[in-house]
Amino acid sequence: MTTANFPLPVPNLDNQEFWDQCRRHRLVLRRCLDCRSFCHPPRPNCPECASSNLEWVESPGKGKVYTYVITRQPVNPAFRERLPWGVVEVELEEGVHLISNLVDCDADDIEIGMEVEVVFEAVNDEITLPKFRRVGQ
Numbered sequence: 001m002t003t004a005n006f007p008l009p010v011p012n013l014d015n016q017e018f019w020d021q022c023r024r025h026r027l028v029l030r031r032c033l034d035c036r037s038f039c040h041p042p043r044p045n046c047p048e049c050a051s052s053n054l055e056w057v058e059s060p061g062k063g064k065v066y067t068y069v070i071t072r073q074p075v076n077p078a079f080r081e082r083l084p085w086g087v088v089e090v091e092l093e094e095g096v097h098l099i100s101n102l103v104d105c106d107a108d109d110i111e112i113g114m115e116v117e118v119v120f121e122a123v124n125d126e127i128t129l130p131k132f133r134r135v136g137q
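Numbering-wise (the numbering used here), the sequence shown opens with residue 1 and increments by one.
It should be emphasised that the hints constitute simulated quantities derived from the structure, not laboratory data.
Watch out, some of these pointers could steer you wrong.
[Said to hold, decoys possible] Computed cross-link-like contacts, DMTMM-like style, restricted to lysine to aspartate or glutamate with a CA-CA straight-line distance of at most 20 Å:
| # | residue 1 | residue 2 |
| --- | --- | --- |
| 1 | Lys-62 | Asp-125 |
| 2 | Lys-131 | Glu-58 |
| 3 | Lys-131 | Glu-111 |
| 4 | Lys-62 | Asp-14 |
| 5 | Lys-62 | Glu-117 |
| 6 | Lys-64 | Glu-94 |
| 7 | Lys-64 | Glu-89 |
| 8 | Lys-64 | Asp-20 |
| 9 | Lys-64 | Asp-106 |
| 10 | Lys-64 | Asp-108 |
| 11 | Lys-64 | Asp-104 |
| 12 | Lys-131 | Glu-17 |
| 13 | Lys-131 | Glu-81 |
| 14 | Lys-64 | Glu-81 |
| 15 | Lys-64 | Glu-91 |
| 16 | Lys-62 | Glu-115 |
| 17 | Lys-131 | Glu-91 |
| 18 | Lys-64 | Glu-115 |
| 19 | Lys-62 | Asp-34 |
| 20 | Lys-62 | Glu-81 |
| 21 | Lys-131 | Glu-93 |
| 22 | Lys-64 | Glu-93 |
| 23 | Lys-62 | Glu-111 |
| 24 | Lys-131 | Asp-104 |
| 25 | Lys-64 | Glu-17 |
| 26 | Lys-64 | Asp-109 |
| 27 | Lys-131 | Asp-20 |
| 28 | Lys-62 | Glu-93 |
| 29 | Lys-131 | Asp-109 |
| 30 | Lys-131 | Asp-106 |
| 31 | Lys-62 | Glu-94 |
| 32 | Lys-62 | Glu-126 |
| 33 | Lys-131 | Glu-115 |
| 34 | Lys-64 | Glu-117 |
| 35 | Lys-62 | Glu-48 |
| 36 | Lys-131 | Glu-117 |
| 37 | Lys-131 | Glu-89 |
[As the list claims (entries may be wrong)] Here are the computed distance ranges between Cβ atoms for each label pair:
| # | residue 1 | residue 2 | range |
| --- | --- | --- | --- |
| 38 | Arg-43 | Asn-76 | 32 to 38 Å |
| 39 | Gly-113 | Asn-76 | 27 to 33 Å |
| 40 | Pro-47 | Glu-121 | 25 to 31 Å |
Remember, predicted model here, so these are calculated numbers, not experimental data.
The C-beta atom is built at its ideal place from N, Cα and C for all residues, glycine as well.
Using the sequences and the accompanying hints, generate a full structural model.
Right, here's the structure in full:
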């Protein structure tokens with residue numbers, strides 16, 4: 001477990017299950033039982049059909065880097081020690097996009113289309129963040 005010196009997400013009624021499952025090293029996504037669309041970020045109604053008939057399903061956490069940005073200046077003093085900071089948008093196999101970071105990868109080695117898989121970083125007793133690493137590492 002690491003100690004976060006940067007702002008952390010704040011769970012709420014809509015995403016509490018997502019964060020609870022991340023603590024168990026499981027990536028879950030909300031899906032509409034009526035139209036089968038995924039709803040991420042989690043919300044009380046489907047963005048496609050407005051149904052509140054939703055379920056949580058486990059994702060294998062595999063996908064590709066859709067796009068990325070490398071931050072070389074701290075946007076917050078808490079990130080100073082992490083520079084350069086590679087922020088990736090990962091498109092999961094389910095079509096859902098997640099914003100996260102790559103671990104065990106130099107920021108300058110990030111490439112669009114790079115195959116990645118989810119890993120988890122426990123930052124405290126309440127929050128475990130989904131991160132990604134190159135497939136095969």
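Comparing the hints with the structure gives:
no.: 1; hint: Lys-62 - Asp-125; result: 25 Å, violated
no.: 2; hint: Lys-131 - Glu-58; result: 16 Å, holds
no.: 3; hint: Lys-131 - Glu-111; result: 16 Å, holds
no.: 4; hint: Lys-62 - Asp-14; result: 23 Å, violated
no.: 5; hint: Lys-62 - Glu-117; result: 4 Å, holds
no.: 6; hint: Lys-64 - Glu-94; result: 11 Å, holds
no.: 7; hint: Lys-64 - Glu-89; result: 9 Å, holds
no.: 8; hint: Lys-64 - Asp-20; result: 24 Å, violated
no.: 9; hint: Lys-64 - Asp-106; result: 17 Å, holds
no.: 10; hint: Lys-64 - Asp-108; result: 17 Å, holds
no.: 11; hint: Lys-64 - Asp-104; result: 16 Å, holds
no.: 12; hint: Lys-131 - Glu-17; result: 17 Å, holds
no.: 13; hint: Lys-131 - Glu-81; result: 18 Å, holds
no.: 14; hint: Lys-64 - Glu-81; result: 27 Å, violated
no.: 15; hint: Lys-64 - Glu-91; result: 5 Å, holds
no.: 16; hint: Lys-62 - Glu-115; result: 8 Å, holds
no.: 17; hint: Lys-131 - Glu-91; result: 13 Å, holds
no.: 18; hint: Lys-64 - Glu-115; result: 4 Å, holds
no.: 19; hint: Lys-62 - Asp-34; result: 25 Å, violated
no.: 20; hint: Lys-62 - Glu-81; result: 28 Å, violated
no.: 21; hint: Lys-131 - Glu-93; result: 16 Å, holds
no.: 22; hint: Lys-64 - Glu-93; result: 8 Å, holds
no.: 23; hint: Lys-62 - Glu-111; result: 16 Å, holds
no.: 24; hint: Lys-131 - Asp-104; result: 10 Å, holds
no.: 25; hint: Lys-64 - Glu-17; result: 24 Å, violated
no.: 26; hint: Lys-64 - Asp-109; result: 14 Å, holds
no.: 27; hint: Lys-131 - Asp-20; result: 15 Å, holds
no.: 28; hint: Lys-62 - Glu-93; result: 6 Å, holds
no.: 29; hint: Lys-131 - Asp-109; result: 16 Å, holds
no.: 30; hint: Lys-131 - Asp-106; result: 14 Å, holds
no.: 31; hint: Lys-62 - Glu-94; result: 9 Å, holds
no.: 32; hint: Lys-62 - Glu-126; result: 24 Å, violated
no.: 33; hint: Lys-131 - Glu-115; result: 13 Å, holds
no.: 34; hint: Lys-64 - Glu-117; result: 8 Å, holds
no.: 35; hint: Lys-62 - Glu-48; result: 24 Å, violated
no.: 36; hint: Lys-131 - Glu-117; result: 8 Å, holds
no.: 37; hint: Lys-131 - Glu-89; result: 11 Å, holds
no.: 38; hint: Arg-43 - Asn-76: 32 to 38 Å; result: 26 Å, violated
no.: 39; hint: Gly-113 - Asn-76: 27 to 33 Å; result: 29 Å, holds
no.: 40; hint: Pro-47 - Glu-121: 25 to 31 Å; result: 28 Å, holds
Of the numbered hints stated above, those contradicted by the structure are hints 1, 4, 8, 14, 19, 20, 25, 32, 35 and 38, listed in ascending order.
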